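Trainee: With chain Z's structure known, arrange chain R on it following the hints.
2 protein chains.
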Amino acid sequence: MRAGPSQEEIRRHNLGTLLRHVHLGGPTSRAELTNRMGLNRSTIMALTADLTAAGLVREELPKDTGRAGRPSLVVRPESARVYVLAFDVGVDRVVAARVGLGGAVLDRRETTHARGSFDLADLVATLAGFARQMTRKTRADTVCVGAACAFSGGVRHSDGYVRFAPNMGLEDVPFGEELSKKLAMGLPVAVGNEANLGALAEHTRGIGVGCRDLVYLHGEVGIGGGIIVNGQLMGGMSGYGGEVGHMIVNPGGRPCACGSRGCLEAEVGERALLEHAGRYGEPLGRDGVRAVVEDADAGDIMAQDALHRVGNWLGLGVANLVNIFNPEIVVFGGMLREIYLGSAAQVRSRVNTGSLIASREHLRLRISALGDDATLVGAAELGFSQVLDDPLEVLARLGN
Amino acid sequence: MRAGPSQEEIRRHNLGTLLRHVHLGGPTSRAELTNRMGLNRSTIMALTADLTAAGLVREELPKDTGRAGRPSLVVRPESARVYVLAFDVGVDRVVAARVGLGGAVLDRRETTHARGSFDLADLVATLAGFARQMTRKTRADTVCVGAACAFSGGVRHSDGYVRFAPNMGLEDVPFGEELSKKLAMGLPVAVGNEANLGALAEHTRGIGVGCRDLVYLHGEVGIGGGIIVNGQLMGGMSGYGGEVGHMIVNPGGRPCACGSRGCLEAEVGERALLEHAGRYGEPLGRDGVRAVVEDADAGDIMAQDALHRVGNWLGLGVANLVNIFNPEIVVFGGMLREIYLGSAAQVRSRVNTGSLIASREHLRLRISALGDDATLVGAAELGFSQVLDDPLEVLARLGN
Numbered sequence: 002m003r004a005g006p007s008q009e010e011i012r013r014h015n016l017g018t019l020l021r022h023v024h025l026g027g028p029t030s031r032a033e034l035t036n037r038m039g040l041n042r043s044t045i046m047a048l049t050a051d052l053t054a055a056g057l058v059r060e061e062l063p064k065d066t067g068r069a070g071r072p073s074l075v076v077r078p079e080s081a082r083v084y085v086l087a088f089d090v091g092v093d094r095v096v097a098a099r100v101g102l103g104g105a106v107l108d109r110r111e112t113t114h115a116r117g118s119f120d121l122a123d124l125v126a127t128l129a130g131f132a133r134q135m136t137r138k139t140r141a142d143t144v145c146v147g148a149a150c151a152f153s154g155g156v157r158h159s160d161g162y163v164r165f166a167p168n169m170g171l172e173d174v175p176f177g178e179e180l181s182k183k184l185a186m187g188l189p190v191a192v193g194n195e196a197n198l199g200a201l202a203e204h205t206r207g208i209g210v211g212c213r214d215l216v217y218l219h220g221e222v223g224i225g226g227g228i229i230v231n232g233q234l235m236g237g238m239s240g241y242g243g244e245v246g247h248m249i250v251n252p253g254g255r256p257c258a259c260g261s262r263g264c265l266e267a268e269v270g271e272r273a274l275l276e277h278a279g280r281y282g283e284p285l286g287r288d289g290v291r292a293v294v295e296d297a298d299a300g301d302i303m304a305q306d307a308l309h310r311v312g313n314w315l316g317l318g319v320a321n322l323v324n325i326f327n328p329e330i331v332v333f334g335g336m337l338r339e340i341y342l343g344s345a346a347q348v349r350s351r352v353n354t355g356s357l358i359a360s361r362e363h364l365r366l367r368i369s370a371l372g373d374d375a376t377l378v379g380a381a382e383l384g385f386s387q388v389l390d391d392p393l394e395v396l397a398r399l400g401n
Numbered sequence: 002m003r004a005g006p007s008q009e010e011i012r013r014h015n016l017g018t019l020l021r022h023v024h025l026g027g028p029t030s031r032a033e034l035t036n037r038m039g040l041n042r043s044t045i046m047a048l049t050a051d052l053t054a055a056g057l058v059r060e061e062l063p064k065d066t067g068r069a070g071r072p073s074l075v076v077r078p079e080s081a082r083v084y085v086l087a088f089d090v091g092v093d094r095v096v097a098a099r100v101g102l103g104g105a106v107l108d109r110r111e112t113t114h115a116r117g118s119f120d121l122a123d124l125v126a127t128l129a130g131f132a133r134q135m136t137r138k139t140r141a142d143t144v145c146v147g148a149a150c151a152f153s154g155g156v157r158h159s160d161g162y163v164r165f166a167p168n169m170g171l172e173d174v175p176f177g178e179e180l181s182k183k184l185a186m187g188l189p190v191a192v193g194n195e196a197n198l199g200a201l202a203e204h205t206r207g208i209g210v211g212c213r214d215l216v217y218l219h220g221e222v223g224i225g226g227g228i229i230v231n232g233q234l235m236g237g238m239s240g241y242g243g244e245v246g247h248m249i250v251n252p253g254g255r256p257c258a259c260g261s262r263g264c265l266e267a268e269v270g271e272r273a274l275l276e277h278a279g280r281y282g283e284p285l286g287r288d289g290v291r292a293v294v295e296d297a298d299a300g301d302i303m304a305q306d307a308l309h310r311v312g313n314w315l316g317l318g319v320a321n322l323v324n325i326f327n328p329e330i331v332v333f334g335g336m337l338r339e340i341y342l343g344s345a346a347q348v349r350s351r352v353n354t355g356s357l358i359a360s361r362e363h364l365r366l367r368i369s370a371l372g373d374d375a376t377l378v379g380a381a382e383l384g385f386s387q388v389l390d391d392p393l394e395v396l397a398r399l400g401n
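For the record, the sequence lines run as chains Z and R.
Quick note on the numbering used here: the first sequence kicks off at 2 and runs consecutively.
Quick note on the numbering used here: the second sequence kicks off at 2 and runs consecutively.
Hints listed in this document are in silico derivations from the structure and should not be mistaken for laboratory results.
Going by beta-carbon spacing under 8 Å, a handful of chain Z positions derived as facing chain R: (1) Gly5; (2) Pro6; (3) Asn15; (4) Thr18; (5) Gly155; (6) Asn231; (7) Met238; (8) Tyr241; (9) Ile325; (10) Phe326.
Facing chain Z, a subset of chain R residues (Cβ under 8 Å, in silico): (11) Ile11; (12) His14; (13) Asn15; (14) Leu40; (15) Gly155; (16) Arg164; (17) Asn231; (18) Tyr241; (19) Glu244; (20) His247; (21) Ile249; (22) Cys259; (23) Ile325; (24) Leu357; (25) Ala359; (26) His363.
None of the values given here were measured: they were computed from a predicted structure.
Ideal Cβ placement from N, Cα and C applies to all residues, glycine included.
Same shape as in the complex, but just chain Z:
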């Protein structure tokens, strides 16, 4: 237990907080910042001046406010100048984007690929190639303040080492380190599990803004989870927290890629859905899932039954998570958006019978607001986290 912060630490914290306000809330008047941060006008002026000098924000007169009197200056993030590189490595596609302070995607590259084993060197080369294409086009005064990647697998949070990614045929690879080397920008690459970053994205910019306790479930081949506890992303001891896809909901049930049986992802994943619908050998992925949901909607009994069965296990899993976390909201992302929309009645019914009244009385079940970009947006937020924690330190380190 340490003592409270020093004056210098408080200044850094306040600079970061002000920057976070304009990063997340967009252009904000000085008066509003004064109000939201609980500081006086002169302190806000001084902080803004420091951030302006560092090139992170600029101030300008607002458009006609319609009110009498001198208008308060508006503080804007320098979105075109300050950016991060955000990457998203999923089972079916790989995305790279240049995301400006404030959250706008300035540029992006994407490639799909067939399912199967990834080669680490190829993957890293693809991502670094995209990054080079995008950074080559930037103006001379732009500055990259961070890089981060959402990865479909279990990632050690200390160093971005990928421990397991069975759906991508990767295991024990120093992914963050390799990508950082290949980028050759002198930047470390923070790596996070895709569902963890999806949770972060929905919490900061999506359907869960303002919720302090949120469960995000991300469906791809498997099912990942990201949990926000009291406003903070839960990582557990080493960063593997949130692997709710391997919660056993049906002991002795369908075999899972992890070696166990009856895991949530084995019972609810796309393979379970397609097999229950009698569609053996059909292409997996989003299209296959969508076809089942559409056919069920059109009256296909087998498709309806498949959604019913999968919805039952999904509901049981959600009920367990509601009892465990007493969350304000559960968000369905990735392919689970389709599955949830196709089985919502079943899921809700199972949640109602399987969770305590007190634990679910204020609960909302919702689909992701950020859609397919949730994980990429989360990666960008992870990339920005350092500059938002200590803006001047990061710029000084970069030599700005």
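Mentor: Quick look at chain R alone, frame taken from chain Z:
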């Protein structure tokens, strides 16, 4: 997002942190406090002087240190003067204690009672009666700085309202408010779920000191859970977080008091154990559980089988929690100490087959270090939390 703390807030934080050091660590030299808190000697002196003037600590010369030079003064908590009232309402017993700053139990009263429905008025009268007996005997200069209760049920954290306590026949009772009124000491009574407070106790004073991610499982009639996430007790949206006893581990399994089936507490609770062992109609409670474990140890096949079955479900539940939380330690408390000790091999084996390698590689499974007092110790810590957060404010409010 608010700005950093003011100078006055930092001073209050530092006073609280210093007090917490001697409360949890016992008498500590000024030199050691300087070191641990990262403050200079003169600041530590000033903080100690304030806490001494408030009657919360005193300074004295250490016993012979065996070293040359002027010894650093030792700061001690005023354990005999400053105390909280801690209560523990379980299914089989009710405890009240006077606990001094520093954690020593100065006085205690306890009564057992038969299982069945509680009457709120009787319960509150019993607890307040115990409190009166204990406070009547105190010296004139003692001061009660807080009161808190561990309760075997679901408690809303904002006001200590008990939402559900099926094993005690209580539902929707304003327990905290009624106890506070009956105590008539002008103090609110904070109320927490017993397993939540057991987790807090093991984290601050038990087997989990220093662990930032801990799962505590408490067995009584049911099974409660308390989870420490990144050093903080997880409450969820309204305080009902951690109800892992109602995680469904065996869909369609044994009926549970909550109305669902196959909940962890239905499959692992004392009733399941005794029935699997063929002991229908035998007295429940700790003695019944102990008898099964002892008989299994002595070679009783049915008792061994019962422990094996119960251990299997307990292991599956723990495996799920390990995947979800990636904890450093899982602690078994209450009656689960006996059950875990009697089925440890089975539990470990199930955890190994049901959880991801990365999530369990540094995992420790342990029994509670505080034993039957874990929940009471947790209540005392909850009672002390206000004075540790802001020592002078609490004393000023009490008129000291």
